[in-house]
Amino acid sequence: MSGPSGAAVRAAEEATPLQSVPGSGQPSSGKNVAPKIRRNDYRKLAIASIICGLSCVGIVALINSVKARERASSDPESAQIYAHRARRCSLIAFAAWFGLLVLFLCLMALVSYLFTLIN
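Numbering (UniProt numbering), first residue to last: 1 to 119.
Because the hints were derived from the structure by calculation, they are not lab data.
Note that this is a predicted model, so its numbers are computed, not measured.
Ideal Cβ positions, reconstructed from N, Cα and C, are used throughout, including at glycine.
Possibly wrong hints are sitting among the right ones.
[Unchecked claim] Restraint ranges, calculated between C-beta atoms of paired labels, are given here:
no., residue 1, residue 2, range
1, Arg88, Ile51, 15 to 21 Å
2, Leu103, Asn40, 30 to 36 Å
3, Ile59, Asn119, 41 to 47 Å
Build out the structure end to end from the sequences listed, making use of the hints.
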């Protein structure tokens, strides 16, 4: 009784493809492991800009964020444009709110100073 011939072993090795997870050097479990795609639609930032920023600009950011998520699978370039618009509107909402807050505090200090001059 002899073992399998060399040709049969070589044929079996060629028929079985090497399955490994790219970059790990470890064989995979046989499941198709797709890399996790990071979607930057900035929805959480848009919602935060509605709550903590200038809400009218935050709503525009949220609309752009929703459009970015809707178009992520069909048109990635358009989705990226909408995502950048959402991010920009969110940051504008935060900056405008911060600017209004600083302006309000400065005006309150000015009014207080003017009242002290009058008395």
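Hint check for Asn119 and Ile59 - Cβ pair distance inside 41 to 47 Å:
Cβ of Ile59 to Cβ of Asn119: about 45 Å, so the range 41 to 47 Å holds.
Indicate whether the distance between the beta carbons of Arg88 and Ile51 respects the range 15 to 21 Å.
Distance hint for Arg88, Ile51 holds at roughly 18 Å.
Hint says 30 to 36 Å; check whether the CB-CB distance for Leu103 and Asn40 agrees.
32 Å, holds
In the structure shown, no violation is registered for any of the earlier numbered hints.
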